[in-house]
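A.B. asks: Given next are the chains, with one letter for each unit.
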Amino acid sequence: MEHVLEIGRLYPVLTVPRGATLNSGRGNDAATIRAVAAGDEDAFSRLYAGYVRMVHAILLGRVPRRDVDDLVQDVFISAYTRIGELRDAAAFGGWIAAIARNRATDYLRQSREHVELPEELPGGDPIEAETLAILDVVRKLPEAYRETLLMRLVEGMSGNEIAERTGLTPASVRVNLHRGMKLLREKLGWQRHE
Amino acid sequence: MSDDYLWDGSGTPDPDVQRLEALLGRLRAPLAGAPAPSLPAQPIRWRTLRYLGPALATAAAVLVMIGLTLRTTRTASSWEVASLAGQPRVGSSALAGTGRIAVGQTLVTDGGSQARMTVGTIGQVTIDTNTRVRLVATRDGHHQLALERGTLHAVINAPPGQFVVNTPSATATDLGCAYTLHVDEDGAGYLSVTSGWVALELHGRESLVPVGASCRTDAKLGPGTPSYDDADAEMRRALDEFDLARDPTARSNALRVVLDHAGPGDAMTLWHLIARVDAGDRAAVVDALAELLPMPAGVTREAVLRLDAAALDQWWNALGLGEASWWRNFKAPYPAGASR
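If you're matching them up, the sequences are chains A and B in order.
Under our numbering, the first residue of the first sequence carries the number 342, and numbering increases by one thereafter.
Under our numbering, the first residue of the second sequence carries the number 3, and numbering increases by one thereafter.
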């Protein structure tokens, strides 16, 4: 069931600023990406550690939980084999995020062609029904809100980290978090504590 | 209320955000601390080859050799997997016929599918229905799976310690053998050995399970106490009760049943119990084991009671299940609590 969203003043901020560069603390990413392109597996491990939470959040917002981990692996392997196509190392975050979104779309298309498995297979630690119910609501939020909230609430990334990884400006992330949280409260029927 | 807490967790905590963090944080990426996936070869960018001119032939030959090397590398970091029934899934793709599973990928079978994985050159693992298993590592001398739920049957012909299966309640290390390993939805497990030995371990608690024996594992306890499949049923029931009981009185009562029903073939089980029982019950176990299997020369009751490693070693050797020094080369067989 799709929810009707109040688009308008809540329109998500999703644009990546033209010419955006990697933020402070990640100045070495460009060198890391060049090293990955040269086949340096240690550099790839560093890149993986830096971006795995972002990729995980993007996929978790789109595909069944049971397949998220495998798709994360697919995304990074795809990024590794295609990294020569990346012209601007500063755009890596947005680039791998796009790979993740495309991989999720492919997965959903393929899934329709095969026998459907239950949405959430049991396994590992039991996830409470409330967690899955809230995840279901978050998944129905607009993309920018959904992804930003999952990075913050699931992966524990700070607003600045989200901005650094995604290439969004901190102001955009702040808006996405604020508006996304507001919309999520409404969907859940929660009143904000003042 | 400001959005500082929502932004980075600073400022006055927002109860709604805290609640969402607590609930949704359970879904956090388990891969964050895990190694990056095994890498395939990067593709050759053909457009750059146009400019190579006369050197192209030589370069092509070199590239072929490099390609073969990379192909070998890629193959070495994955296993062949074949569908035996139904349509298992490898990663996010359905498996029809044969394929490969790479390090980091998961094989999932449903109620109607089964699969078989080839463990490098050392053996095979059959994946039963309703099973989820992940390939953790594969390289010369070390192959590792994580069995999250379901059942696998392993047949391994390799030196001890090369094939390892992680489960939520124990790590099973192959000692050159064949076995069946099952994991319930709650993480509890059951190991049954049909050839050789398997070592189970969790947080320092270890059990050695020989051919013809089986052992339960518990997510909190780790490996239970192994027993032979043809042992007295009442003894085995009491053994499970002993392993899982928290109350000292209940443990003592269960232990008494175990000792009363232990037969000549249960020395291996009693040996495991020496270091697992409460101190007040240890003498009874030692004496019961001594009735089944006399202490070898040089081993004293006092040394065993204080869990002296050398004494336990020698008594173990008397079981006729292999020299303790041999086990020690890759995994010490002492139950938790033994002095080394």
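Keep in mind the hints are simulated off the structure, nothing from the lab.
Just so we're clear, the structure is a prediction, and the values are computed from it rather than from any experiment.
Even glycine gets a Cβ: it sits at the ideal position worked out from N, Cα and C.
There could be a bad hint or two in this list.
FRET-style restraints, in silico, Cβ to Cβ [stated by the list, open to error]:
1. A/GLN451 with B/GLY114: 11 to 21 Å
2. B/GLY27 with A/ASN443: 19 to 29 Å
3. A/ALA439 with B/PRO15: 50 to 60 Å
4. A/ARG533 with B/GLY163: 38 to 48 Å
5. A/ARG533 with B/GLY282: 53 to 63 Å
6. A/GLY425 with B/ASP142: 29 to 39 Å
7. A/SER499 with B/SER95: 27 to 37 Å
8. B/GLY322 with A/LEU473: 47 to 57 Å
9. A/GLY530 with B/ALA235: 26 to 36 Å
10. B/ASP5 with A/ALA474: 54 to 64 Å
A.B. asks: A range of 47 to 57 Å was offered for this pair. Does it hold for the Cβ distance of B/GLY322 and A/LEU473?
C.D. replies: holds (53 Å)
A.B. asks: May I ask you to test the hint 29 to 39 Å on the CB atoms belonging to A/GLY425 and B/ASP142?
C.D. replies: holds (30 Å)
A.B. asks: Take a look at whether the Cβ-Cβ distance between A/SER499 and B/SER95 falls inside 27 to 37 Å.
C.D. replies: holds (35 Å)
A.B. asks: Range first: 26 to 36 Å. Now tell me if the beta carbons of A/GLY530 and B/ALA235 are that far apart.
C.D. replies: violated (55 Å)
A.B. asks: I want to verify a distance hint. Is the separation of the beta carbons of A/ALA439 and B/PRO15 within 50 to 60 Å?
C.D. replies: Check failed, 35 Å falls outside 50 to 60 Å.
A.B. asks: Determine whether the Cβ-Cβ distance between B/ASP5 and A/ALA474 falls within the hinted range of 54 to 64 Å.
C.D. replies: With a Cβ separation near 24 Å, B/ASP5 and A/ALA474 fall outside 54 to 64 Å, so the hint is violated.
A.B. asks: 19 to 29 Å was suggested as the range; check whether the CB atoms of B/GLY27 and A/ASN443 agree with it.
C.D. replies: Given a distance of about 27 Å, which is inside 19 to 29 Å, the answer is holds.
A.B. asks: Lying within 11 to 21 Å: is that true of the beta-carbon distance A/GLN451 to B/GLY114?
C.D. replies: Holds, at about 19 Å.
A.B. asks: A range of 53 to 63 Å was offered for this pair. Does it hold for the Cβ distance of A/ARG533 and B/GLY282?
C.D. replies: Since the Cβ atoms of A/ARG533 and B/GLY282 sit about 59 Å apart, the hinted range of 53 to 63 Å holds.
A.B. asks: Falls inside 38 to 48 Å, the C-beta gap from A/ARG533 to B/GLY163?
C.D. replies: violated (57 Å)
Hint compliance for this structure: hints 3, 4, 9 and 10 are not met, and every other hint is.
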